[in-house]
Each structure stands twice: as C-alpha cells, then as structure tokens.
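Residue numbers (the numbering used here), protein chains in the order written: chain A, 94 to 554; chain B, 415 to 561.
Worth double-checking, as some hints may not be accurate.
[Unchecked claim] Per the computed footprint, the stretches of chain A lying under chain B, defined by three or more beta-carbons under 8 Å from a beta-carbon of chain B, are:
no., region
1, 131-138
2, 170-181
3, 271-285
4, 530-544
[What the hints assert, rightly or not] A few chain B residues facing chain A, derived, Cβ under 7 Å:
no., residue
5, Q436
6, P510
7, T532
[Stated by the list, open to error] As a list, the in silico EDC-like pairs of lysine to aspartate or glutamate whose alpha-carbon atoms are at most 16 Å apart:
no., chain 1, residue 1, chain 2, residue 2
8, A, K333, B, D504
9, A, K333, B, D507
10, A, K336, B, E508
11, A, K459, A, E474
12, B, K536, A, E130
13, A, K95, A, D161
14, A, K330, B, E508
15, A, K336, B, D507
16, A, K333, B, E521
17, A, K162, A, E130
18, A, K336, B, D504
19, B, K488, B, D454
20, A, K410, A, E474
21, B, K536, A, D483
22, A, K333, B, E502
23, A, K162, A, E143
24, A, K547, A, D483
25, A, K336, B, E502
26, B, K488, B, E466
27, A, K330, B, D454
28, B, K488, B, E456
The set of hints was computed from the structure by calculation and includes no laboratory data.
Where is the CB? At the ideal position from N, CA and C, for every residue including glycine.
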Amino acid sequence: MKLVAVTACPTGIAHTYMAAEKLRMAAEELGVELKVETRGSAGIADELTEEDIRLADAVILAVSVSVDKSRFAGKIVVEAPIAEAIRRPAVLIRQAEAMARANQDSAVPQDEAAAELSNSGRDDAPKTEADQPAGGGASEWLKPVMTGMSYVIPFLMIGGIFTFLHARWNIPVFEAIGDAAWTLAVPVFTGFVAYSVADRPGIAAGATAGLVLALKHPGAGLLGGLAGGLLAGYAAKALKAVKLPGQLSGLMPVFFVPLISSLAAGYAMLAVLGAPLAKAQDVISSGMQGMPLAARLALGMLIGAMLAYDLGGPVNKIAYFFGLMMMAGGVFEPQAASMAAGMVPSLAVALAALAAPQKYSDKERKAGKSAWLYGISYVAEGALPFLSRDPKKVKAALVIGGATAGGLSMAFGLTLPAPHGGLFVLPFVSSPPLFLAAVAAGMLAGAVTLNLLKREAARSR
Amino acid sequence: MEPIDLFSENRTTFQLRATTKQGVIDELIGLLDKDGVLSDRESFRKAVLKREEEFSTGIGMGIAIPHGKSEAVKVTAIAFGRSERGVEFDSLDEQPAHLFFMLAVPEQAGEEQLIALTEISKRLMHEETRNRLNQAGTYEELLEVFR
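With these hints in hand, go ahead and build the complete structure from the sequences.
Structure (structure tokens):
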C-alpha cells in the first residue's frame, strides 16, 4: 500500500508540520508507505511528483485552506480538516487504505471520480470522494456496534478456539486461556462501544459496566453488553459536556466522569437491565435449540441473505453481530451459517467470472481471480468490483447464494466457535464436509444465478 | 539557525500565572513585548486572536501553540510557558493544556527561521519531547530538549 498526503493550514506555521509529522509517525506504525507534502509558510517541502501521485493507491488531503486538487483527478481522495490529521492520523490512513483496497480493480470510470472530485465541498468529518459501492458506507448509528465488534472479535476467537480445543483434548492451559478471553469479551465490547460514543472517557465506565454484567449476569452476553456500552458511553458523553469552573475542570475527566458514568451504567446493568437482558438472551438461545427444521432453514437463509446483501455494509454487520452474540451466549449454529454465507459472495463472483469470462470486463476477470482468496478468508468485499459495476443483478445473485449456504448450514445443524477465519477455521466446524458442501452449494447457486441474469440482460439489450 | 535560537530566557516561564486561555495569551504576549520582539503589542494580539478564531491552537496532548504572523513582529521568536495545573484551551482532545509555545512571526519572515519553527512543531509530536518538557525545570533544560 502506497499513500501520499498534503498538509496545509491558514498561517502555515505550525499545524501543517505537526499534522505531517503525525501522519508520518502513524504510517510508520501501521507499516504503510507514505509521503507527505507540506505547504506552509516555509514553502512547499517534500513536494509530490507526478510519479509519486501516479503510483499512490490513495491521497490524503489534510488541509484547512483550499489547495489545487486537479493534480489528483481520478485518484481516491480522503479529505479532512488538518486538526483531524493531528488528532487521529491513524484513522485517516486506515480510511485511505480501506478505500484504496475496496476500489482496487473496481470499474469506476476515471472521469466520473474526477468529476465528483472537482465539485466537492468540505465539511468537518473526513470524507471520501471516490465512488462508493452501493451500501458500502456504514451508517452513523451502527458505529458503536461496529467499533465494539472489531475489538471483541479477537477475544471471541481466543475464547472460542481454546475452549473448543480444551473440550476435545482436556488441556488445562487451553481452558484457562479460553475462560479468560470469554470473560473479557463482554467488558472489552462494552468498553469500546462506549469509547465509540464518548471517546476515551467512555472506556472505563463501559468496561466496568461490562464486567459487572459478566460477573453478575453472565447470560446477558453481547446483547447486554451493547446496552451497557451505549448507556455508559452516553452517560460519559453527557457528563463531558458539563462545564465546571476552570479550577475544577481538571477533575472532570479523572474524577466526575468515570465515577458518575460507571455508577449509572453499572447500576443499570446490575439491578435494572442485566436480568431481563440475560432472560432475553436465554429465550433466544433456548428457542434456537428446539427449533424445527423449517424454522432453522428459514433463520439460516435470513442470516445468509443479510450477510451477502451489502458486503460489509450495515445489513451485513447486523447479521454478523447476531452470529457473534449467539456465539458469546454459547449457541454456535448461527455463527457457522454466518461463516458459510460470508464466504459465498467472493467465491460466487470468482466462479462466475471463471465459468463465463465473455460476460465480464477485463477488470472484472482480474478481480475475479483475486476474489478466490478473499472468499476463503471470509472477506465478502472481494465481490465489490462486480457489485459497483452491475449492482442489481449481482446483489440478487449474491443474496441467493448467501441464503443457500446459510440455510443449508443451519439445516445441517453445523456449529462453529470462531468469529472469523473462513477456510482456516474449517477444523473447528462440527462437520467440515457438510460445511464445505453448504459453501459450495451457495457458491454454485450464486454463480449460476449471476450468469443467467447476465445472459438475459444481454438479450434484451 | 538552530531551533533553540528561537527561544530566550527572558521569554520563558515555568510558572504561568494565568488560568484562562485569554490570560495565557496575554501573559505570553507580555513576555514577547518586554523582550523587545514586538513593535505594536496590540496589533500582534489581534493577529493571534484572529488566528485562534479560525480554530483553536490547542492541539491536544497538553500542548497549545498560539501564533500570529504580523507586521508588528520585529523578529521570529518563541515565548514558552508552562502551567503545572493546566489551562482549558478549547483543545482538540478537550483536555487542559500545560505547555504553551507562542510563535511570533514577522510578515516577511526569513526562511531559516521558518524552517527552525517547523522543526519544533515536528518534535512536539513525539511523546518523548513532551515528557522531557514536562520534566524540565530550568531554561537550560528546555534548550536541552530541542538541542
């Protein structure tokens, strides 16, 4: 990954250089190649050459004055006020990386992206100006859940896999590690949900409320954690906004905010919401145990369809969260369905492009080849280049493929105690052959549907 | 021209008296003025406040760098102040600021001076620099940080 950036600010004395340094430091930490051009009162330093720009995968503009953007025409550009680059340099870099990755090999016409670039305005939030595939942007309201999920997934992985290994071979150290990670999962989740709402002051209250839940109402799981994290986060956020006289203001973040917000969220979890949420989780879990075949099939199809619907968008995340939530509650069937269906989109387009290359552009055929690896690693975004080119047909085909895989997995009663990993967690599925069959059926259904739809379109044109 | 050439003992204080943003700005301008950096104190003050209006120079991490570029500045200079208890500076991270660098830059500043300033801005982004500044107690130790 290769990025370039420009920093500039009104007086060009300090912020320009601070932002540049922050970006460089963050890039080094993230292992990303980054060249930063500074446009300040000391002139233009480290000026980007045409060659630099041509080779860059994405451009970061951390500018609070207007700069000439024409030289970046056709590039993926992430634009943010300079303060963002000082405050959250890593976020900008990650965003640029993600956009670059999602758009690699995609069929966005260059001049379209350029047109969008030239008539764009500016606002406070960092924004991306390249063509967003349908449903690609995550909604604001889902942000806390997604932040929490991204931090809790490794814990669920540790807990799930080590507990599984212990159950099979009875190894005490695996049990200890697995138990520890399971116990930490809810506090970590709540902590980062609250962090997403209230920034740093949210973490302590969120994690504390989460541990109250984990210790006193362990059954409430991630569902309870979501409530606790949101509560702690909004409490901390409200308190942060209270203005105290200057002399006392230093006490706010270390004294008032953590004590009051953790009391509010902790009390709510212990005495008010913990028990009913544990009950709710229990009702869902036990309901799943005794489900008749038809209902299992329907649930699996729903999970699968949602996962394939918007490739990493909000609908996909909700279904994924459901799988994780059930997994943290000790019910492993939905997670298996989610894994099977999540592998389908990339695999289905890969197979479709391989089987009928004449129906796809050069770029799509190339993207199809790399989609195989995305698919087996449970990354649905491998299908994005196809989706952005022909959204309706691709979406329909992927939903059918996802529903097939998800439905079969649930119908077979497959279980999986791992939150991510695709083919690499195959050994942990209750029946690897049946799991592969479900994935293959989904892939086939998706690819065949896609190629059939494509043919009809060709005739009617 | 080295970064440390921008500092002066007369423009350095480890005990800022001010407890407000306005107060800190005025106190640091006072240091610049007493040291003969400014030809027109009021006009420089206006430039600093105008810059502050655009967006706060409280950049977080406990640092604020109020600055002004103005005809009223005779020579590029820095006034440094530290406040043990911290001052609310509308900072990006909403935390009080402890280290203040007021940068005074003439309208026609020399390139050497500006490059020296950028060097200081860069160094401030490193945690090690900030820790050493928080521990420094004398002018000599302040210079040591940027040497």
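Hints and how they fare:
1. Under a criterion of three residues with beta carbons nearer than 8 Å to beta carbons of chain B, the stated coverage of the region 131-138 of chain A is upheld, 6 such residues being counted.
2. Check on the region 170-181 of chain A: 4 of its residues sit with their Cβ under 8 Å from a Cβ of chain B, so the three-residue criterion for coverage holds.
3. For a cut-off of 8 Å, the count of residues in the region 271-285 of chain A with a CB near a CB of chain B stands at 0, and the three-residue condition is violated.
4. Interface restraint, the region 530-544 of chain A with chain B: violated (0 residues with C-beta to C-beta distance below 8 Å; minimum three).
5. Restraint check, B/Q436 versus chain A: the minimum CB separation of about 11 Å is more than 7 Å; hint violated.
6. Interface hint status for B/P510: upheld, as the beta-carbon distance to the closest one in chain A is roughly 6 Å, under 7 Å.
7. The interface hint given for B/T532 holds, since its Cβ lies 4 Å from the closest Cβ of chain A, which is under the 7 Å cut-off.
8. For a cut-off of 16 Å, the pair hint linking A/K333 to B/D504 stands: about 13 Å separates their Cα positions.
9. The suggested pairing of A/K333 with B/D507 holds, with an alpha-carbon distance near 11 Å, which does not exceed 16 Å.
10. For the hint pairing A/K336 with B/E508, the CA-to-CA distance comes to about 11 Å; that is within 16 Å, so the pair holds.
11. Between A/K459 and A/E474 the CA atoms are separated by roughly 15 Å; this keeps the pair inside 16 Å, and the hint holds.
12. Restraint check for B/K536 and A/E130: the C-alpha separation of about 14 Å stays at or below 16 Å, so the hint holds.
13. In summary, the hint linking A/K95 to A/D161 is not supported, as the alpha carbons are separated by about 21 Å, beyond the 16 Å threshold.
14. Our distance criterion of 16 Å between C-alpha atoms is met by A/K330 and B/E508, whose separation comes to about 12 Å.
15. A hinted pair counts as satisfied when its Cα atoms are at most 16 Å apart, and A/K336 with B/D507 qualifies at roughly 15 Å.
16. Distance hint between A/K333 and B/E521 is unfulfilled; the C-alpha atoms sit about 40 Å from each other, more than 16 Å.
17. A C-alpha spacing of about 13 Å is found between A/K162 and A/E130, which places the hinted pair at or below 16 Å, so the restraint holds.
18. With a C-alpha separation of about 12 Å, the suggested pair A/K336 and B/D504 falls inside the 16 Å cut-off, and the hint holds.
19. Among the hinted pairs, B/K488 with B/D454 is consistent with the structure: their alpha-carbon atoms are about 9 Å apart, no more than 16 Å.
20. Proximity of A/K410 to A/E474 is assessed by CA-CA distance (about 13 Å); at most 16 Å being required, the pair is judged to hold.
21. A C-alpha spacing of about 47 Å is found between B/K536 and A/D483, which places the hinted pair above 16 Å, so the restraint is violated.
22. Between the alpha carbons of A/K333 and B/E502 the distance comes to roughly 13 Å, so the proposed pair stays at or under 16 Å and holds.
23. The straight-line distance between the Cα atoms of A/K162 and A/E143 is roughly 13 Å, inside the 16 Å bound, and the hint therefore holds.
24. For the hint pairing A/K547 with A/D483, the CA-to-CA distance comes to about 9 Å; that is within 16 Å, so the pair holds.
25. Among the hinted pairs, A/K336 with B/E502 is consistent with the structure: their alpha-carbon atoms are about 11 Å apart, no more than 16 Å.
26. Taken as a hint, the B/K488 and B/E466 pair is broken in the structure, with Cα atoms around 21 Å apart against an allowance of 16 Å.
27. In summary, the hint linking A/K330 to B/D454 is not supported, as the alpha carbons are separated by about 43 Å, beyond the 16 Å threshold.
28. Our distance criterion of 16 Å between C-alpha atoms is met by B/K488 and B/E456, whose separation comes to about 14 Å.
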